[in-house]
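Novice: Sequence:
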Amino acid sequence: MLELKNISFQPNDAPILSHLNLTINEGETVSIIGPSGSGKSTLLRLMADLISPTDGQCFLNGKNYISYKPEQLRQTVSYCPQTPTLFGETIFDNVSFPAKIRKEKCDIKRANYLLTAFNLSQYDLNTNVSRFSGGEKQRLAIIRQLMYVPKFLLLDEATSALDQKNQQLVEQEIFKYHQEKGLGIIWITHDIKQSTRLFSRRLTIEQGKISNEEVIK
Numbered sequence: 005m006l007e008l009k010n011i012s013f014q015p016n017d018a019p020i021l022s023h024l025n026l027t028i029n030e031g032e033t034v035s036i037i038g039p040s041g042s043g044k045s046t047l048l049r050l051m052a053d054l055i056s057p058t059d060g061q062c063f064l065n066g067k068n069y070i071s072y073k074p075e076q077l078r079q080t081v082s083y084c085p086q087t088p089t090l091f092g093e094t095i096f097d098n099v100s101f102p103a104k105i106r107k108e109k110c111d112i113k114r115a116n117y118l119l120t121a122f123n124l125s126q127y128d129l130n131t132n133v134s135r136f137s138g139g140e141k142q143r144l145a146i147i148r149q150l151m152y153v154p155k156f157l158l159l160d161e162a163t164s165a166l167d168q169k170n171q172q173l174v175e176q177e178i179f180k181y182h183q184e185k186g187l188g189i190i191w192i193t194h195d196i197k198q199s200t201r202l203f204s205r206r207l208t209i210e211q212g213k214i215s216n217e218e219v220i221k
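Under my numbering, the first residue of the sequence shown is numbered 5, with each subsequent residue one higher.
The set of hints was computed from the structure by calculation and includes no laboratory data. Fair warning: this is a prediction, and the values are worked out from it, not measured in the lab. What you were told as hints is all true, and nothing was included just to trick you.
Pair by pair, the computed Cβ-Cβ distance ranges are:
hint, residue 1, residue 2, range
1, Thr-58, Arg-78, 18 to 24 Å
2, Lys-67, Thr-120, 33 to 39 Å
3, Lys-213, Asn-130, 44 to 50 Å
All residues carry an ideal CB built from backbone N, CA and C; glycine is no exception.
Produce the complete structure using the sequences and hints provided.
Specialist: Here it is as structure tokens:
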């Protein structure tokens with residue numbers, strides 16, 4: 005499980021997160037809502053070990069984050085931002101990256117399956133990504149995260165640039181791994197319908213604190 009104990013993040017005079025406590029169990033699905041600037045993205049970046057808290061501690065399966073190698077932790081707790089950064093020039097450069105850092109061979113069959121599942125089958129692995137739309141970039145970034153299914157997938161407005169049809173396609177594919185492999189999902193969204201559609205719990209964050217917690221199903 006993921007556990008945050010008394011977490012604060014205050015890089016200057018204004019605190020972004022204040023004494024926040026949160027536990028996410030293995031395989032749990034949690035949506036996060038709240039106004040812009042409330043600390044939601046900072047929370048996910050802390051969970052992903054991209055930044056460190058100014059106070060408090062983060063734990064994975066009872067072990068402090070500092071006891072893990074960064075690459076080990078980030079392969080277990082995988083983060084996808086709202087505005088993704090694509091690697092290299094082609095789709096292959098992106099889908100092969102997770103295998104490259106593991107020093108393994110890229111699973112071409114899986115890459116092509118995910119392209120089809122995410123409604124990108126009109127492209128092949130040699131397609132240049134420089135002219136991809138925002139929604140295509142978001143889908144490719146999620147595909148990159150799912151080439152190896154992590155224990156926890158952190159999504160920060162990861163389908164914000166998609167139309168409803170493609171948004172629901174992406175949701176269905178991601179939640180399939182929750183059902184089949186016990187993937188834990190923590191998803192920031194401003195879409196209230198999305199925040200209740202498939203999740204088991206919803207958190208509201210305001211002014212750096214959890215102001216409300218709801219069990220959905």
